[in-house]
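Trainee: Sequence:
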Amino acid sequence: MKKMMLAAVMAALTVTPAAAAPTMATPSAVSAPSAKACAKKWEVTGKKVAVRMPEGDAPVASPDSPVVRYLHRGDVVTSCVEAIARTQSGPAYRKCGRGGYVWRIVRGGQVPATCLKRA
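When we follow our numbering, the leftmost residue of the sequence shown carries the number 137, and every step to the right adds one.
Any given hint could turn out to be false.
[To be verified] For lysine-lysine, the following BS3-like pairs were computed, each having C-alpha atoms within a straight-line distance of at most 27 Å: (1) 231 to 172; (2) 231 to 183; (3) 253 to 184; (4) 176 to 253; (5) 177 to 231; (6) 184 to 231; (7) 231 to 253; (8) 176 to 231; (9) 253 to 183; (10) 172 to 253.
Treat the hints as calculated values from the structure; they're not laboratory data.
Please construct the entire structure, taking both the sequences and the accompanying hints into account.
Mentor: Here is the structure:
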């Protein structure tokens, strides 16, 4: 039994020169994921909604953050990322008739998610 195990170990350790050299694999479509562009469209439901930029190094905007630009009802924006504002109690903002804590990240800043619906 020991001789058979020793022979198996020796066979595993013995490598031919062709198998010992590492080979470079060519990238395939499966191994290299393609970068897909964001395609989620959102329609503005509020009358006039401010796009806000967070102050300083804050990750999430607040209702008193500086306004970058305005969106109007019916405008369509693209957003695939959201920022969540955490508070001790209650909603982080009250916009477009509802309270909320999710901000959608759009070009130029952040918009309250309560003012958007999927287009």
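Trainee: Of the hints given before, which are not true for this structure?
Mentor: Result: hint 1 breaks, nothing else.
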